[in-house]
Amino acid sequence: MSAENFDEEGLLKDIQVSELALKITKLSFKWNNYSDPIKEAHVLMSNVRKLSLEISEYEHRMGSKLNEYQRNIIYDSMEDLGKLIPSLKNKIKHYESLENIAD
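Residues in the sequence shown are numbered consecutively from 10, following my numbering.
Hints are computed from structural coordinates only; laboratory data are not their basis. By construction, the Cβ of each residue, glycine as well, lies at the ideal position given by its N, Cα and C atoms. It is possible that part of the hints are untrue.
[Stated by the list, open to error] What follows is a list of derived Cβ distance ranges for each label pair:
id : residue 1 : residue 2 : range
1  : R58       : T34       : 16 to 22 Å
2  : S44       : Y67       : 33 to 39 Å
3  : D16       : V52       : 37 to 43 Å
4  : Y43       : D16       : 21 to 27 Å
[Said to hold, decoys possible] For lysine-lysine, the following DSSO-like pairs were computed, each having C-alpha atoms within a straight-line distance of at most 30 Å:
id : residue 1 : residue 2
5  : K100      : K32
6  : K74       : K48
7  : K100      : K48
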């Protein structure tokens, strides 16, 4: 794996995915500590969609210049990010059911 096979933009995309995953994990973990967790979840989901589009455009633009290793790293990061979304769904259901009980 020589350095010329990797580009900084691909590394940046991987870092962005990791940062977003961390934010989602923190929101899930400390849901009740956020003043408006639903709004925060909307912002994060918007960021997920935006980043997914950016990665798709990046992959299309790079084409065959994007080596398989780097492509797999980014893909695996996106897969891991996707695994965090169900935890937000569970928080929302829990949050909504508590609101219904309070009413």
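So, going through the hints one by one against the coordinates:
1. Look at R58 against T34: about 18 Å separates their beta carbons, and that is inside 16 to 22 Å.
2. Against the hinted window of 33 to 39 Å, the Cβ-Cβ separation of S44 and Y67 comes to about 34 Å, which satisfies the hint.
3. Our hint of 37 to 43 Å for D16 and V52 is violated, since their Cβ atoms are close to 29 Å apart.
4. For Y43 paired with D16, a C-beta distance near 36 Å fails the hint of 21 to 27 Å.
5. In summary, the hint linking K100 to K32 is supported, as the alpha carbons are separated by about 15 Å, within the 30 Å threshold.
6. The suggested pairing of K74 with K48 is violated, with an alpha-carbon distance near 39 Å, which exceeds 30 Å.
7. This hinted pair checks out: K100 and K48 have alpha carbons roughly 13 Å apart, not beyond 30 Å.
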